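Undergrad: Listed below are the residues making up each chain.
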Amino acid sequence: MTGDVLTILAGLPWTLALTAAALALGVVLGVPVALARRSRLLPVWLAAAVFIAVTRSIPPLVWLFIIFFGLGTGYIQISPFVAATAAFGLIATANMAEIYRGGLMAIQHGQWDAAEVLGLGRIHTFADVIAPQAVRVSLPSAASYAIGLLKDTATASTIGVIELTFQANQLAQRNFSGLYAFGIAAAIYILVSLPVAWLARSADFYLRAKVAR
Amino acid sequence: MEGRCEVNEEPNVPADAAPTGPGTGAPPMKAEAGPGRPLIVLDKVGKQYGAHTVLSGIDLAVQPGAVTAIIGPSGSGKSTLLRCINYLEPPSSGTITLDGIRLEAGKPPARRDLVALRRSVGMVFQSFNLFPHMSVLRNVSLAQERVAGRSRREADERSMQLLARVGLADKAHQYPQRCSGGQQQRVAIARALALDPKVMLFDEPTSALDPELGLEVLAVMRELAGSGMTMIVVTHEMRFAENVSDTVLVMADGVIVEQGPSAEVMRNPRQERTRRFLRAVNDRT
Amino acid sequence: MDVSLDDLLSWLPDLTGGLTISAIVTAGSLLLGIPLGLLLALGVQANSRLLRGFCLVMVEIGRGTPALVLLQFIYFGLPSAGMTLTSYSAAIVALACNTGAYTSEIIRAGLQSVPHGQREAAVAIGLSRLDELRYVVLPQGLRVAVPALLGFSILIFQGTSLCFVSALPELLSRAYEIGSTTFQYFPALLLAACLYAVICIPASILVGAVERRAGHYARR
Numbered sequence: 001m002t003g004d005v006l007t008i009l010a011g012l013p014w015t016l017a018l019t020a021a022a023l024a025l026g027v028v029l030g031v032p033v034a035l036a037r038r039s040r041l042l043p044v045w046l047a048a049a050v051f052i053a054v055t056r057s058i059p060p061l062v063w064l065f066i067i068f069f070g071l072g073t074g075y076i077q078i079s080p081f082v083a084a085t086a087a088f089g090l091i092a093t094a095n096m097a098e099i100y101r102g103g104l105m106a107i108q109h110g111q112w113d114a115a116e117v118l119g120l121g122r123i124h125t126f127a128d129v130i131a132p133q134a135v136r137v138s139l140p141s142a143a144s145y146a147i148g149l150l151k152d153t154a155t156a157s158t159i160g161v162i163e164l165t166f167q168a169n170q171l172a173q174r175n176f177s178g179l180y181a182f183g184i185a186a187a188i189y190i191l192v193s194l195p196v197a198w199l200a201r202s203a204d205f206y207l208r209a210k211v212a213r
Numbered sequence: 001m002e003g004r005c006e007v008n009e010e011p012n013v014p015a016d017a018a019p020t021g022p023g024t025g026a027p028p029m030k031a032e033a034g035p036g037r038p039l040i041v042l043d044k045v046g047k048q049y050g051a052h053t054v055l056s057g058i059d060l061a062v063q064p065g066a067v068t069a070i071i072g073p074s075g076s077g078k079s080t081l082l083r084c085i086n087y088l089e090p091p092s093s094g095t096i097t098l099d100g101i102r103l104e105a106g107k108p109p110a111r112r113d114l115v116a117l118r119r120s121v122g123m124v125f126q127s128f129n130l131f132p133h134m135s136v137l138r139n140v141s142l143a144q145e146r147v148a149g150r151s152r153r154e155a156d157e158r159s160m161q162l163l164a165r166v167g168l169a170d171k172a173h174q175y176p177q178r179c180s181g182g183q184q185q186r187v188a189i190a191r192a193l194a195l196d197p198k199v200m201l202f203d204e205p206t207s208a209l210d211p212e213l214g215l216e217v218l219a220v221m222r223e224l225a226g227s228g229m230t231m232i233v234v235t236h237e238m239r240f241a242e243n244v245s246d247t248v249l250v251m252a253d254g255v256i257v258e259q260g261p262s263a264e265v266m267r268n269p270r271q272e273r274t275r276r277f278l279r280a281v282n283d284r285t
Numbered sequence: 001m002d003v004s005l006d007d008l009l010s011w012l013p014d015l016t017g018g019l020t021i022s023a024i025v026t027a028g029s030l031l032l033g034i035p036l037g038l039l040l041a042l043g044v045q046a047n048s049r050l051l052r053g054f055c056l057v058m059v060e061i062g063r064g065t066p067a068l069v070l071l072q073f074i075y076f077g078l079p080s081a082g083m084t085l086t087s088y089s090a091a092i093v094a095l096a097c098n099t100g101a102y103t104s105e106i107i108r109a110g111l112q113s114v115p116h117g118q119r120e121a122a123v124a125i126g127l128s129r130l131d132e133l134r135y136v137v138l139p140q141g142l143r144v145a146v147p148a149l150l151g152f153s154i155l156i157f158q159g160t161s162l163c164f165v166s167a168l169p170e171l172l173s174r175a176y177e178i179g180s181t182t183f184q185y186f187p188a189l190l191l192a193a194c195l196y197a198v199i200c201i202p203a204s205i206l207v208g209a210v211e212r213r214a215g216h217y218a219r220r
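Chains as they are written, first to last, in the numbering used here: chain E, 1 to 213; chain V, 1 to 285; chain R, 1 to 220.
No wet-lab data here; the hints were simulated from the structure.
One or more hints might be untrue.
[Claimed, not checked] Label pairs and their in silico Cβ distance ranges:
hint	chain 1	residue 1	chain 2	residue 2	range
1	E	39	R	53	45 to 53 Å
2	V	161	E	110	20 to 28 Å
3	R	211	V	36	57 to 65 Å
Keep in mind that this is a model prediction, so the values were computed, not measured.
Note that CB positions come from ideal geometry on N, CA and C, so glycine has one too.
My request is simple: use the sequences and hints to build the entire structure.
TA: This is the structure in structure tokens:
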């Protein structure tokens, strides 16, 4: 039994790596997209809105296939992990952009007024006043999303990324023990999301004090 | 320098100044010899939101060092007027001249003018609007560093002076949420003073505070007025309007209904609208 | 991309066939899953500790397990325990369990948003708990939950793409098949993606509109 658990656990680093890579892409790239979404220039706003809508309306698995099988067969050589990172990174960007947008909308209007009246200018207003508060407000949603992303990475197993679900699948096929293998995988997913949820809750509690209510 | 508020310094008073000061009914203290050149002039200022007219035909001249109170029922456009003066809301019509900077309705101001305007005018809001994610000290220092280009040490030194002036030097390292409403508003005043403005605008500074906390803020405002700062205060505090300000403006339905020395307007109002408003305010038991 | 418009058009019937299956599976999962979610939402607030605990565990498992793993568990795993399900039923059961777990949280939030004063009033006029639920709490609580439930339904529709692994001939697997026979993976998958987008984007806009109207309701 432990042998099997360990076999499946061998996929965990890949699951975590994929989640972290995609999340990093989303956290960083989501910022310009969120700002573009709030732009007053029509083409910029439209491009961002279309990007977000299209990316979120297509299922992750379809994106995976488009990048891995679509681009990968004939256009460019691409490994399963890279394809998966690209696909989930794309989706994470769109979702984080929406989360940031929600965070920005949650900031009291008076903060913008106060910054304007002090003459802070757009860059300093964002950097010193708005962004720190937006980050704190967005944290709970971002944490939920991260946990969801962790589970979504299971679909990467279909294109051959050797993460948790892939390992479970292999084991199931080898030993005809699907119930057991997938049960273990499910348990691992549940156990892994627990510390992340707890961390998010404590961070939220600590940072909650530092936002204008 | 006219009406400029220096911390820890007596304002420049010419030797031949008549006994003046807010509330004595005498002409406002002018710290500059010669004909009083108004610091702020509003000429037929109006503001519309779509079809809805909030302000119309506002004419106003404010002398340096004068304390002007604006009173009136809600919806009369008082806050909008204040927000037009420092261009938080662009006026729909008319001209605003402030410390030599000219703002015309319909023509967005040059960036340089806007920057100069922001440094000349300080504003204090009803809901304080302190930055919750930084300490009190940092709240007061931030704009000094970013806008006035002071070094952190200079800025912090100045901030501590201002905080001491409003009586909150010991709260410098606290976060705003740990301070009472009255304390937060005093920090907001210090923050607005940090850029050495020539004019201070107050938008109902005590309306969000319970009466006792309001007193501490009014005391700071009184000290500020006494030191020669040009102030425009939108307020419901009738005693302040009567005793501390030099001029009172009464607004209703977007126009100035009555304007004049505070003692006269508050005790012997000439307009019926003013009388009605003051009756409602004073007859509250 | 050397594929003609005619080729694309020739693939459409096949793809729309897959789309129909995706839609049917979505409907089935929601029809089973949302009532399940309601039961779990009520169970999680039950008086009996045993029931509460059991429902909580079910919800956590349903939410903590990736839908794909749940599907594989049911389709590949259950046969060894004697229960063999067709790809259709496995798909519906797996997605229904997923739906039940997630919607139980949505419904629970909706039920809890009914002001406490309403429940006190119901008790004061002597309604039984069941009647209180039926006449006071559920009508208002479910209405609050509707926008979120609609949003979730869109996600379930997208989730049917996972049933690729259980050999369900839904939209994605049709596209993949076309790709593997013609080697035109990219256009086939893009076309399938377009079909998903064409359904999900208007649906999301509609849900947004419902959310705003529901907001107006709540403010009354």
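Undergrad: Broken hints, numbered, in rising order?
TA: No hint contradicted; all consistent.
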